[in-house]
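In short: position in the sequence shown from 1, add 5, done, that's our numbering.
Read the hints as simulated data drawn from the structure, not as lab findings. These figures come from a predicted structure and were not determined experimentally. We treat Cβ as the ideally placed atom computed from N, Cα and C, and that holds for glycine. Among these hints, one or two may not hold up.
Claimed, not checked - Calculated cross-link-like contacts (lysine to aspartate or glutamate; reagent style EDC-like; alpha-carbon spacing at most 16 Å): (1) Lys371 x Glu327; (2) Lys107 x Glu145; (3) Lys122 x Asp175; (4) Lys371 x Asp330; (5) Lys172 x Asp251; (6) Lys320 x Glu145; (7) Lys107 x Asp138; (8) Lys346 x Glu254; (9) Lys371 x Asp267; (10) Lys172 x Asp51; (11) Lys309 x Asp296; (12) Lys346 x Asp138; (13) Lys371 x Asp332; (14) Lys320 x Asp150; (15) Lys172 x Glu121; (16) Lys371 x Asp271; (17) Lys172 x Glu67; (18) Lys346 x Asp251; (19) Lys320 x Glu234; (20) Lys346 x Asp255; (21) Lys107 x Glu157; (22) Lys122 x Asp51; (23) Lys122 x Glu67.
What the hints assert, rightly or not - Restraint ranges, calculated between C-beta atoms of paired labels, are given here: (24) Ile486 x Gly347: 30 to 36 Å; (25) Gly68 x Asp175: 15 to 21 Å; (26) Tyr396 x Phe441: 15 to 21 Å; (27) Tyr396 x Glu462: 47 to 53 Å; (28) Gly68 x Leu256: 25 to 31 Å; (29) Asp271 x Pro206: 23 to 29 Å; (30) Gln290 x Asp189: 47 to 53 Å; (31) Asp305 x Ala467: 24 to 30 Å; (32) Ser224 x Asp305: 25 to 31 Å.
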Amino acid sequence: MKRFSTLLTLFVVLLLAGSVFASGVALTGIGARATALGGNFRGIADDWSAMFWNPAGLTQIEGFHFGFSTEAIMPVGTYSFVQNAAMPFGLFRDGEMENEAKTFIIPALGFVYGCEKMSFGLGVYAPFGLGADWDVLDTESYNSDFPGIDYEDALQVIAIQPTFAYKFSDRLSVGLGVSITYADILIRTPQHTPNPLIFDPNYAALKDGVLAPMGLTASTYNYVLTDKELAGDGWGFGANFGLKFDVTEDLSIGVSGVYYNDVTLDGLINATTYYAGIPAATMAQLSQTLDGLIAMQQIDEATKQAILGLYSGQKVVQATDEPGDTDLPLPMTVGVGLAYKGIDNLLVSADISWTQWSAWDVIEIKLEDGTISELVENWEDGIRMGLGAEYTLTDQITIRGGFYTEAAAPPDETFTLTIPDAGRRYGISFGGSYDFGMFTLYANYENLIIGERNITEWVYDADSQSFDNMAGDFGMTVNNIMAGLNFNF
Numbered sequence: 006m007k008r009f010s011t012l013l014t015l016f017v018v019l020l021l022a023g024s025v026f027a028s029g030v031a032l033t034g035i036g037a038r039a040t041a042l043g044g045n046f047r048g049i050a051d052d053w054s055a056m057f058w059n060p061a062g063l064t065q066i067e068g069f070h071f072g073f074s075t076e077a078i079m080p081v082g083t084y085s086f087v088q089n090a091a092m093p094f095g096l097f098r099d100g101e102m103e104n105e106a107k108t109f110i111i112p113a114l115g116f117v118y119g120c121e122k123m124s125f126g127l128g129v130y131a132p133f134g135l136g137a138d139w140d141v142l143d144t145e146s147y148n149s150d151f152p153g154i155d156y157e158d159a160l161q162v163i164a165i166q167p168t169f170a171y172k173f174s175d176r177l178s179v180g181l182g183v184s185i186t187y188a189d190i191l192i193r194t195p196q197h198t199p200n201p202l203i204f205d206p207n208y209a210a211l212k213d214g215v216l217a218p219m220g221l222t223a224s225t226y227n228y229v230l231t232d233k234e235l236a237g238d239g240w241g242f243g244a245n246f247g248l249k250f251d252v253t254e255d256l257s258i259g260v261s262g263v264y265y266n267d268v269t270l271d272g273l274i275n276a277t278t279y280y281a282g283i284p285a286a287t288m289a290q291l292s293q294t295l296d297g298l299i300a301m302q303q304i305d306e307a308t309k310q311a312i313l314g315l316y317s318g319q320k321v322v323q324a325t326d327e328p329g330d331t332d333l334p335l336p337m338t339v340g341v342g343l344a345y346k347g348i349d350n351l352l353v354s355a356d357i358s359w360t361q362w363s364a365w366d367v368i369e370i371k372l373e374d375g376t377i378s379e380l381v382e383n384w385e386d387g388i389r390m391g392l393g394a395e396y397t398l399t400d401q402i403t404i405r406g407g408f409y410t411e412a413a414a415p416p417d418e419t420f421t422l423t424i425p426d427a428g429r430r431y432g433i434s435f436g437g438s439y440d441f442g443m444f445t446l447y448a449n450y451e452n453l454i455i456g457e458r459n460i461t462e463w464v465y466d467a468d469s470q471s472f473d474n475m476a477g478d479f480g481m482t483v484n485n486i487m488a489g490l491n492f493n494f
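Construct the complete structure from the given sequences, taking the supplied hints into account.
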């Protein structure tokens with residue numbers, strides 16, 4: 006039972022990690038124009054991407070409008086291992102390590118039709134779609150069969166959102182969108198289980214008298230490694246609502262929010278334990294020594310076999326397609342934005358939003374036999390703030406730029422490599438567009454600077470015999486390139 010609880014706990018943690026690329030390295034949003042402004046778009050919201058930012062803005066569109074964008078995201082993460090003084094690790098690589106290089110392509114598109122006071126829209130976009138591969142363990146001397154990539158995660162999410170907006174007056178509009186979201190996730194990660202022969206004081210005499218002289222208490226043998234693969238998918242629903250009010254001809258304010266119901270996630274779990282391998286001569290010597298202890302009635306045959314198993318180099322399957330599920334709470338977000346265009350050829354915007362990351366406090370995990378366990382995350386609510394500016398050079402050419410910042414949500418006690426939210430995030434973006442008449446072409450670049458995080462202590466959970474976090478120095482930078490087209494008919 007403890008094994009399944011541990012596996013399912015990890016399953017939920019990693020699903021959270023993928024879903025919250027919004028907090029860490031997440032996408033700034035959708036739409037090439039909006040992202041070039043740093044996502045400070047609630048007070049503007051005048052193209053198809055308003056379905057994401059502020060649905061009320063769709064009332065500014067007349068006739069048929071269609072747009073799409075494609076973003077290439079190139080994250081680079083770094084990790085430097087910090088030793089656990091109380092229970093030392095022996096397999097982590099030294100020095101600064103980087104994740105495997107990957108480029109993620111994130112598309113989005115939307116259709117809008119506006120007539121008189123009403124507008125209708127349909128958006129299809131991927132709010133999340135990232136992942137990472139890490140090789141931070143040197144397992145060749147431990148067990149050469151252990152996979153070369155230690156940590157692997159891949160997330161694909163597609164959202165479909167029909168939207169309706171209504172203009173109550175020349176100044177006031179409201180909008181509402183209902184989203185259907187499908188998520189598919191694959192995660193692999195190692196679990197370090199302490200070797201009882203090394204850390205359990207009941208085995209101190211055996212450790213000092215038998216294992217140490219044979220070199221079997223070296224740090225390489227301190228932990229037993231289990232490779233865990235978790236694949237899951239689930240459906241969710243949400244509502245995106247917004248209000249837009251034109252204070253004057255030049256100043257507008259937008260208020261919007263997103264609410265989600267709990268998403269039911271169903272997953273399959275696979276786990277394989279890899280035991281340390283030792284030379285055949287050493288194994289024979291150990292077996293002979295243990296036979297002597299049996300003869301002196303200090304241990305029994307079952308204990309001997311358990312000890313030999315820990316150094317057998319075997320690969321033992323622990324779980325094959327074991328099912329599990331959980332109801333995952335998704336955080337609510339509420340934000341307000343201002344837009345001012347009272348200066349010739351210049352548009353300035355500002356946004357501030359609050360996200361209820363504390364929704365990930367305690368999450369219940371349902372096991373196949375009906376047992377319920379709890380996952381404690383203790384994430385913290387976050388505030389995002391930013392500024393954007395757009396300047397029209399000619400009738401065809403417009404340039405724009407933006408900035409935003411957002412604090413990290415997870416605490417040190419639950420932080421791992423699978424969560425990219427290393428520290429406070431700073432996003433800087435700039436881009437431009439060319440108006441061809443019937444359509445406008447957009448291009449922009451964004452750089453995300455993620456503040457470093459330094460964690461000095463490993464948090465060990467005795468019940469699951471695993472660690473809740475990872476200690477070390479974490480850092481990340483992300484380069485994003487986006488292109489888009491908007492059509493008006």
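These are the hints, each one checked on the structure:
For the proposed pair lysine 371 and glutamate 327, the alpha carbon gap of about 12 Å is at most 16 Å, so the pair holds. Only pairs whose Cα atoms come within 16 Å are accepted, and lysine 107 paired with glutamate 145 is rejected, the gap being roughly 25 Å. Among the hinted pairs, lysine 122 with aspartate 175 is consistent with the structure: their alpha-carbon atoms are about 9 Å apart, no more than 16 Å. Between lysine 371 and aspartate 330 the alpha-carbon distance is near 6 Å, which keeps this suggested pair within the 16 Å criterion.
In summary, the hint linking lysine 172 to aspartate 251 is supported, as the alpha carbons are separated by about 12 Å, within the 16 Å threshold. A threshold of 16 Å between alpha carbons decides the hint, and for lysine 320 with glutamate 145 the separation of about 14 Å falls inside it, so the pair holds. For the hint linking lysine 107 to aspartate 138, the alpha-carbon distance of about 9 Å falls within 16 Å, and the restraint holds. Between the alpha carbons of lysine 346 and glutamate 254 the distance comes to roughly 8 Å, so the proposed pair stays at or under 16 Å and holds.
A C-alpha spacing of about 14 Å is found between lysine 371 and aspartate 267, which places the hinted pair at or below 16 Å, so the restraint holds. For the hint linking lysine 172 to aspartate 51, the alpha-carbon distance of about 13 Å falls within 16 Å, and the restraint holds. Note on lysine 309 and aspartate 296: the hinted pairing holds, with a Cα-Cα distance of about 8 Å set against a maximum of 16 Å. Our distance criterion of 16 Å between C-alpha atoms is broken by lysine 346 and aspartate 138, whose separation comes to about 45 Å.
Between lysine 371 and aspartate 332 the CA atoms are separated by roughly 9 Å; this keeps the pair inside 16 Å, and the hint holds. Of the supplied pair hints, the one linking lysine 320 and aspartate 150 holds, its CA atoms being roughly 8 Å apart against a limit of 16 Å. Our distance criterion of 16 Å between C-alpha atoms is met by lysine 172 and glutamate 121, whose separation comes to about 8 Å. A C-alpha spacing of about 10 Å is found between lysine 371 and aspartate 271, which places the hinted pair at or below 16 Å, so the restraint holds.
The suggested pairing of lysine 172 with glutamate 67 holds, with an alpha-carbon distance near 12 Å, which does not exceed 16 Å. Between the alpha carbons of lysine 346 and aspartate 251 the distance comes to roughly 12 Å, so the proposed pair stays at or under 16 Å and holds. About 15 Å separates the Cα atoms of lysine 320 and glutamate 234, which keeps this hinted pair within 16 Å; it holds. Distance hint between lysine 346 and aspartate 255 is fulfilled; the C-alpha atoms sit about 5 Å from each other, no more than 16 Å.
For the proposed pair lysine 107 and glutamate 157, the alpha carbon gap of about 12 Å is at most 16 Å, so the pair holds. With a C-alpha separation of about 15 Å, the suggested pairing of lysine 122 with aspartate 51 holds against the 16 Å cut-off. Distance restraint check for lysine 122 and glutamate 67: the Cα-Cα separation of roughly 10 Å lies within the 16 Å cut-off, and the hinted pair is therefore satisfied. About 32 Å separates the C-beta atoms of isoleucine 486 and glycine 347, a value consistent with the hinted range of 30 to 36 Å.
As the Cβ distance of glycine 68 to aspartate 175 is approximately 19 Å, the hint placing it in 15 to 21 Å holds. For the hinted restraint 15 to 21 Å between tyrosine 396 and phenylalanine 441, the CB-CB distance of approximately 19 Å keeps it satisfied. For tyrosine 396 paired with glutamate 462, a C-beta distance near 49 Å keeps the hint of 47 to 53 Å intact. At roughly 26 Å, the beta carbons of glycine 68 and leucine 256 sit within the given window of 25 to 31 Å.
One distance hint, 23 to 29 Å for the beta-carbon pair aspartate 271 and proline 206, is violated here, with the actual separation near 42 Å. Checked against the hint of 47 to 53 Å, the C-beta distance between glutamine 290 and aspartate 189 comes to roughly 50 Å, which is consistent with it. Checking the proposed 24 to 30 Å range against aspartate 305 and alanine 467 shows it holds: the Cβ atoms sit about 26 Å from each other. For serine 224 paired with aspartate 305, a C-beta distance near 29 Å keeps the hint of 25 to 31 Å intact.
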